[in-house]
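Just need the whole structure built from these sequences, with the hints factored in.
Here the protein sequences line up with chains A and B, keeping their order.
First residue of the first sequence? That's 1 in the working numbering, and the numbers climb one at a time after it.
First residue of the second sequence? That's 1001 in the working numbering, and the numbers climb one at a time after it.
Where hints are given, some of them may not hold.
Within a straight-line C-alpha distance of at most 27 Å, the following computed DSS-like cross-link-like pairs (lysine-lysine) qualify [unchecked claim]:
| id | chain 1 | residue 1 | chain 2 | residue 2 |
| --- | --- | --- | --- | --- |
| 1 | A | Lys-69 | B | Lys-1044 |
| 2 | A | Lys-111 | B | Lys-1103 |
| 3 | A | Lys-3 | B | Lys-1057 |
| 4 | B | Lys-1057 | B | Lys-1014 |
| 5 | B | Lys-1014 | A | Lys-3 |
| 6 | B | Lys-1103 | A | Lys-54 |
| 7 | A | Lys-3 | B | Lys-1103 |
| 8 | B | Lys-1103 | A | Lys-52 |
| 9 | B | Lys-1044 | A | Lys-111 |
| 10 | A | Lys-69 | B | Lys-1014 |
| 11 | A | Lys-69 | A | Lys-111 |
What the hints contain is simulated information worked out from the structure, not anything from laboratory work.
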Amino acid sequence: LAKTTQPISMDSYEGQEVNITCSHNNIATNDYITWYQQFPSQGPRFIIQGYKTKVTNEVASLFIPADRKSSTLSLPRVSLSDTAVYYCLVGPLPYTGGGNKLTFGTGTQLKVEL
Amino acid sequence: NAGVTQTPKFRILKIGQSMTLQCTQDMNHNYMYWYRQDPGMGLKLIYYSVGAGITDKGEVPNGYNVSRSTTEDFPLRLELAAPSQTSVYFCASGTGLDLSGEKLFFGSGTQLSVL
Chain A
1 LAKTTQPISM DSYEGQEVNI TCSHNNIATN DYITWYQQFP SQGPRFIIQG YKTKVTNEVA
61 SLFIPADRKS STLSLPRVSL SDTAVYYCLV GPLPYTGGGN KLTFGTGTQL KVEL
Chain B
1001 NAGVTQTPKF RILKIGQSMT LQCTQDMNHN YMYWYRQDPG MGLKLIYYSV GAGITDKGEV
1061 PNGYNVSRST TEDFPLRLEL AAPSQTSVYF CASGTGLDLS GEKLFFGSGT QLSVL
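The following block contains the structure:
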């Protein structure tokens, strides 16, 4: 499984755009990139998933360069409620066989202030 | 829909005791997972299941057992509790068969302390 590296923590202010970058130099051809958000005392929540280029949904965008060795989660106009830990996961989708052994690293603690 | 439901929310065990953490999902998902999360750390996969009757080990299976007799239920069994098993346990489920992507749905967790 591809190893991921992301910053331990980031600080931001309300209304700013936040970009969290994840490095995954040994990503495999059939690996997808998935981001989860976790609030204290809760289970992680799916944010976004992509394979290449750019993916956008109602809460975030995911930018993946052509070499796919990194990815950037972009949160537009953050608010206090976006304070959470954000995890970058890289691995094959379950249907490719072998189940799902995605590993959650320590994540990035995002703190949003007024 | 309730999603993924875990019980109990909190539990204190004495060393050597046993218990079962319950997990139920009502989304008809084939894949189910058990993770543990130690303080300040990420989640580590204990066991997973790709369907009723099929289970496999994850990253940290020692000291745990699972069974999957139905699509809905995936209980986690601790036979001889040890202090090293003090952690927050999360159950999750996913379709496992979505060609457009896969998202996991997590329960709210069980906080377990072994003293």
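Consistency of the hints with the structure:
Distance restraint check for Lys-69 of chain A and Lys-1044 of chain B: the Cα-Cα separation of roughly 23 Å lies within the 27 Å cut-off, and the hinted pair is therefore satisfied. Between Lys-111 of chain A and Lys-1103 of chain B, the direct Cα distance comes to roughly 25 Å. Compliance with the 27 Å bound is thereby established for this hinted pair. For the suggested pair Lys-3 of chain A and Lys-1057 of chain B, the alpha carbons sit about 20 Å apart, so the restraint of at most 27 Å is met. Restraint check for Lys-1057 of chain B and Lys-1014 of chain B: the C-alpha separation of about 25 Å stays at or below 27 Å, so the hint holds.
Our distance criterion of 27 Å between C-alpha atoms is broken by Lys-1014 of chain B and Lys-3 of chain A, whose separation comes to about 36 Å. Under the criterion of a C-alpha separation no larger than 27 Å, the hint pairing Lys-1103 of chain B with Lys-54 of chain A is consistent with the structure, at around 18 Å. Taking the CA atoms of Lys-3 of chain A and Lys-1103 of chain B, the gap is about 20 Å. The hint holds against a cut of 27 Å. With a C-alpha separation of about 17 Å, the suggested pair Lys-1103 of chain B and Lys-52 of chain A falls inside the 27 Å cut-off, and the hint holds.
A hinted pair counts as satisfied when its Cα atoms are at most 27 Å apart, and Lys-1044 of chain B with Lys-111 of chain A qualifies at roughly 24 Å. Among the hinted pairs, Lys-69 of chain A with Lys-1014 of chain B is inconsistent with the structure: their alpha-carbon atoms are about 46 Å apart, more than 27 Å. Using a Cα cut-off of 27 Å, the hinted pair Lys-69 of chain A and Lys-111 of chain A holds, with the two alpha carbons roughly 26 Å apart.
The structure does not agree with the numbered hints 5 and 10 stated previously, though it agrees with the rest.
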